[in-house]
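*Asks:* Produce the entire structure from the sequences given, and follow the hints as far as they go.
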Amino acid sequence: PTSASLDEIQSLIIGIIRDLRGLCSSLLSKQAYNSFFNWLYPSYLPLFLKAAYVFYDRKDVYNPILKFFHELTSNRQERLVFDSTKPSAYLLFRETSNLLYIFQTKTLLHVNTTIPETDGNLFYKSKLKPIVTCLKILQTCLMGNYVNFGVFQLYSDPCFDNFLQVFISILTTVKKSHLFSYPKLTLAYFSLIETLAGVKIDYLANFSGPLFGYILETISEGFLSHEQAIQNACCVYLDTFLTYVFRSAKKHSASANLMANVQEYEGLFRQILVNLLNGIIYSECKNIYTVSKPLLGLILLNENNFFTEIKQQLLYGHTQAKQAILSTALDNLMAGIDRTLKESNKENFTQNITQFRSDIQESLNVNNTELSSIPVLLSSSSTLPANVPVTIAISNLVPSSSTTAPVEELMTL
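If you're matching positions, the sequence shown starts at 1 in full-length UniProt numbering and goes up one per residue.
It should be emphasised that the hints constitute simulated quantities derived from the structure, not laboratory data.
Just so we're clear, the structure is a prediction, and the values are computed from it rather than from any experiment.
You may find that some hints are simply not true.
Pair ranges (Cβ atoms, derived) [what the hints assert, rightly or not]:
| hint | residue 1 | residue 2 | range |
| --- | --- | --- | --- |
| 1 | Tyr316 | Thr172 | 39 to 45 Å |
| 2 | Asp60 | Lys30 | 42 to 48 Å |
| 3 | Asp119 | Ile337 | 49 to 55 Å |
| 4 | Ser253 | Asn287 | 30 to 36 Å |
| 5 | Thr105 | Ser208 | 17 to 23 Å |
| 6 | Ser358 | Leu154 | 22 to 28 Å |
| 7 | Asn257 | Ser177 | 24 to 30 Å |
| 8 | Tyr316 | Ser25 | 48 to 54 Å |
| 9 | Gly317 | Phe149 | 38 to 44 Å |
| 10 | Ser5 | Lys86 | 51 to 57 Å |
We put the beta carbon where it would ideally sit given N, CA and C, even for glycine.
*Replies:* Here you go:
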């Protein structure tokens, strides 16, 4: 076909796909959605995959197609409930996986080699905007609850593995600076991380070192966000991950890769622990219930060395009378708490941390005026001198006399 005819085809595809997306968004009942899908597949849906393949280098085509599939896979009001005698759910997921695979192997490769980061508007529309949509598609498919993903491995169908591989490709191509510079990208990423943690934490936990480190570093930075949704997503990921680690260690089923990740990034886990403690003591901490759950896991991961030294730092520079009050509050923090991450234990710790926060703030006379001048949270590049008084902030550079590593502590469970 000539260039003119390709342009005409492109315009037709864009118009049709936008109309279909609008129509699909209005279908809120199971009956309406099923009628639409039965009309769409197999007669027309594969044509859009063909269009994505042919026009892989045209953002005006692949962006609307991706947005349409995001709408098509959204299980709003439980509309994606198919007849149990038909494989419609699996066919929908397979087509979606194939589309994402085309984006990964064609479009993403193209934009990585041809679109410069310096061209901000073009870079966003050609690369980051479709990545945002892909992250949303990944999330809607995982949380839709209409597909049993284990079936694909059972029948040696690679579409679920290809589906997850798209996420890895995105991780390796998106810089952390871009991730936190574009709010839509930031929110889509952390929403997916939260969903993946609930569905495939074993997959995330056993990533290779650099990929695992990338995610953990973004989690550490995410705790600095003012967005409640992002902080909550970080808490869910970290709590789920640490629960998985402790459960695996207790059953002696932890993989070497998992333990290597915990060992390699022990410093980052400690930094997150310091950040959360500073946030609880010095900020409003409206989500203390959510924060307390990963905090317990971090304390148990470090209780034999680093957390003991944090206690010493909290007492540093205060009068004996105030040290006695602080020491009592610290002792009460872990009162009645065992070395497990059972839900009942987490609930008890939440009550303790709430009382701990109240006692510490009252003892230190923390008020809103002081809060504005305290560096509550530390980024990965921020440090404080060791042994600073708690009235400044807990430091993440506490001198350690103990050589016990987190992995060794886990093995004592």
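*Asks:* Against this structure, judge whether each hint is valid.
*Replies:* Verification of the hints:
1. Here the CB-CB span from Tyr316 to Thr172 is close to 43 Å, well matched to the stated 39 to 45 Å.
2. In this structure the supplied range 42 to 48 Å is violated for Asp60 paired with Lys30, their Cβ-Cβ distance being about 33 Å.
3. Range check, Asp119 to Ile337: Cβ separation about 54 Å, and the 49 to 55 Å hint holds.
4. For Ser253 and Asn287, the hinted distance range of 30 to 36 Å is satisfied, since their beta carbons lie about 32 Å from each other.
5. The beta-carbon spacing between Thr105 and Ser208, approximately 21 Å, falls within the hinted interval of 17 to 23 Å.
6. Taking 22 to 28 Å as the suggested C-beta distance range, the pair Ser358 and Leu154 does not conform, at roughly 52 Å.
7. Checked against the hint of 24 to 30 Å, the C-beta distance between Asn257 and Ser177 comes to roughly 28 Å, which is consistent with it.
8. In this structure the supplied range 48 to 54 Å is violated for Tyr316 paired with Ser25, their Cβ-Cβ distance being about 58 Å.
9. Between Gly317 and Phe149 the CB atoms are about 54 Å apart, so this pair departs from the stated range of 38 to 44 Å.
10. In this structure, Ser5 and Lys86 break the distance hint of 51 to 57 Å, their C-beta atoms being roughly 37 Å apart.
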